[in-house]
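Novice: Position chain B against the provided structure of chain A, taking the given hints into account.
Chain by chain, the residues run as shown.
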Amino acid sequence: MANDYAFPDVAGRAAQATQDLETEKMSISMGPSHPSTHGVLRLQLELDGETVVKCDPVVGYLHRGDEKIAENMTYNQFVPYTDRLDYLAPLANNVAYALAVEKLAKLELPPRCQAIRMLVCELARISSHLLGVGVYAMDTGAMTVFLYTFEDREKLYALFEELTGARFTTSYARIGGMSRDMPDGWMGRVLKVCDEVLPKLELVEKLLTRNKIFQDRTDGVGVISKEDAIAYGLSGPNLRATGVDFDLRKQIPYLGYENFEFDVPVGTKGDCFDRYTVRLEEIRQSVRLVHQIIDKMPDGPWYAEDARRIFAPRKDKVLTGMEELIQNFMLVTEGPQMPAGEVYFEAENPKGALGFYIVSKGGGVPYRLKIRSPSFTSLNILPKAGVGCLVADLSAILGSLDFVMGECDR
Amino acid sequence: MAIADLLPEVSARFPEITERESLDWLAINVPASILVAVMTYLRDEQGFDLLTDISGVDWDKDTPRFSSVYHLLSTGKHTYLRVVTDCEGDDESPRVPSLVSVWPAANWHEREAFDMFGIRFEGHPDLRRILMWDDYPYFPLRKEFPLAGIETELPDPEVAEETGVGVKAAPMAGGPFVAPQESHMSRREPRARDESWNEGREKPQHQ
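Chains as they are written, first to last, in my numbering: chain A, 2 to 411; chain B, 9 to 215.
Same shape as in the complex, but just chain A:
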């Protein structure tokens, strides 16, 4: 917006006089290859000087046709595709998808399986928020924070590799259970890493929270009101930063979250700074949850043993027993058999609410699988939230919304 200062000197008054000159708006494209658009996002901007007058996001550069592919894959074959949705927290996507399909099958999971899934989801949340905060700070200029948070992410990646075999694209969940149980001593290593994350967060807070430069760049920038957040369908930290106390883990619990104690950080103003503090506090709450889950980890089977047509039997039984051999053969060739019907399941992913709408006509392949992506919905608000600010503020707003194009475009 134009300055309302009264300049005492000649140069200032001359500059102010030029406010009445005819100017042209500039139409410029920010992206798709741009360091602060977080992946391949293109913003078609119309600028009046340095102020953004119109902001039109163009998405679809990473569209891979996941929903079309899902109509041709069995339910277990689709799990690697869910890794690549929100590729910064693949374990959370795996679990959300498996839960949606198990809802279709009306499958009850044993307590150990649920606890492992919860643990893994919280670790994915810590990993995703560390990246969210780190990259957000880097976009505003604080490069050190990025290096600090990524150091801890490396430790988490080592844990994921030990558990699932891959640092990144984990494909850990199966319909009816997981791909394998936790290795010995893994939970101890998880606790050690989580205890090292907390002092790192203190360092990050020291660098950012009361930093004048960071506050100037984020305080009051990109404000989203409560009513707007709900009207635009936001979820997750973006919604909570505006002041709406809604967390799927608390309000519509799944996986046994209702048995554990954790707080849900809620912001006040809905600006970029609030979104940063909400994410930071969520990391602390996730660490708290991880401690409780590991303390109360039950023993027992880590997969649904009696789900004959859904979960593959153990390999040693497959190689020696006739019935298990046939069962394994049917599951590999035809896939887990699901009843006909429609389900919709949303999980509280780090980026927001990741939902799966599955229409099944029976058999091993879904008829329609819709992935409700939180990043897609977060970007919907950008034509409103990104207008009226400076171009430099856009970097802060994009970083604070914490979206991932893999999830947005599917």
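I should point out that these hints are in silico values taken from the structure, not numbers from a laboratory. From the three backbone atoms N, C-alpha and C, an ideal C-beta is built for every residue, glycine too. Be a bit skeptical, because a hint or two may be false.
[To be verified] Here are the simulated DSS-like cross-link-like pairs (lysine-lysine), alpha carbons at most 27 Å apart as the crow flies:
#1 B:85 with A:270
#2 A:107 with B:85
#3 A:251 with A:270
#4 A:213 with A:270
#5 B:85 with A:251
#6 A:55 with A:227
#7 A:104 with B:85
[To be verified] Derived contacts from chain B toward chain A, CB cut-off under 10 Å, selection only:
#8 28
#9 32
#10 33
#11 60
#12 63
#13 67
#14 86
#15 88
#16 90
#17 92
#18 114
#19 138
#20 141
#21 153
[What the hints assert, rightly or not] Here are a few chain B residues that sit away from chain A, every Cβ distance over 12 Å (derived from the structure):
#22 13
#23 22
#24 145
#25 167
Specialist: Chain B only, in chain A's frame:
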């Protein structure tokens, strides 16, 4: 009020609504003519303040062929509601009223349903493609669109000519290997979805 009272109340107010079979949340069928009125009622008087998802579905052999499925979330009552609307119009150009005036969240979701299925949302302020480029000639999630894709021209012919890049059918010969669910057991071995082409035999040209 509890979710169990919801259906009788809504049916009393709008008698054309029927219940739909669903494995989890309450689901209702709403005719397209009263869609905006029903949604406004659900948002204002029943507390379903958040529109969380809009998806299109192609039923292929059924009539009407397309439906638009809405998932509403009530942040107060902690429950979801599924609303399914059958699209009016014929198989080639289905249409449904737009909900952008009720929830701005509908904006991009409707654009995506238009992009993928060709469902026109009447009253949408800016209905254009969102995931594919603006001039893309097909609707990819329709059942007749093959998984491997159809060879199309890129939006900028000069760039395509210069770089030699094109949009060709995906190289996996015949598509992913999936066990078909019907017919005899011997035919249920994993095989290529589209057996018209493989490494040895070229793909027949699309019209």
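Novice: Does each hint fit the structure? Answer for all of them.
Specialist: Taking the hints in turn, this is what the structure says about them:
1. B:85 with A:270: With Cα atoms ~24 Å apart, residue 85 of chain B and residue 270 of chain A stay inside 27 Å; holds.
2. A:107 with B:85: Given that 27 Å is the threshold and the Cα spacing comes to 23 Å, the pair holds.
3. A:251 with A:270: holds (22 Å)
4. A:213 with A:270: With a Cα-Cα distance of about 18 Å, the restraint between residue 213 of chain A and residue 270 of chain A holds, given a limit of 27 Å.
5. B:85 with A:251: holds (13 Å)
6. A:55 with A:227: Holds, because 22 Å separates the two Cα atoms, which is no more than 27 Å.
7. A:104 with B:85: holds (21 Å)
8. 28: holds (8 Å)
9. 32: For residue 32 of chain B, the interface hint holds, since the closest Cβ of chain A sits about 5 Å away, which is under 10 Å.
10. 33: Holds - the Cβ of residue 33 of chain B comes within 10 Å of chain A, reaching about 6 Å at its closest.
11. 60: Holds: closest Cβ of chain A sits about 6 Å from residue 60 of chain B, inside 10 Å.
12. 63: holds (4 Å)
13. 67: holds (9 Å)
14. 86: holds (5 Å)
15. 88: Holds, because the Cβ-Cβ distance from residue 88 of chain B to chain A comes to roughly 6 Å (cut-off 10 Å).
16. 90: Residue 90 of chain B check passes; min Cβ-Cβ to chain A is 6 Å, inside 10 Å.
17. 92: Holds, about 9 Å.
18. 114: The hint holds - residue 114 of chain B has a Cβ within 10 Å of chain A, the shortest such distance being about 8 Å.
19. 138: holds (6 Å)
20. 141: holds (7 Å)
21. 153: holds (8 Å)
22. 13: Given a closest Cβ separation of 19 Å, the condition holds.
23. 22: holds (21 Å)
24. 145: holds (16 Å)
25. 167: Since the minimum Cβ distance to chain A is about 15 Å, residue 167 of chain B lies beyond 12 Å and the statement holds.
Checked against the numbered hints given earlier, the structure satisfies every one of them.
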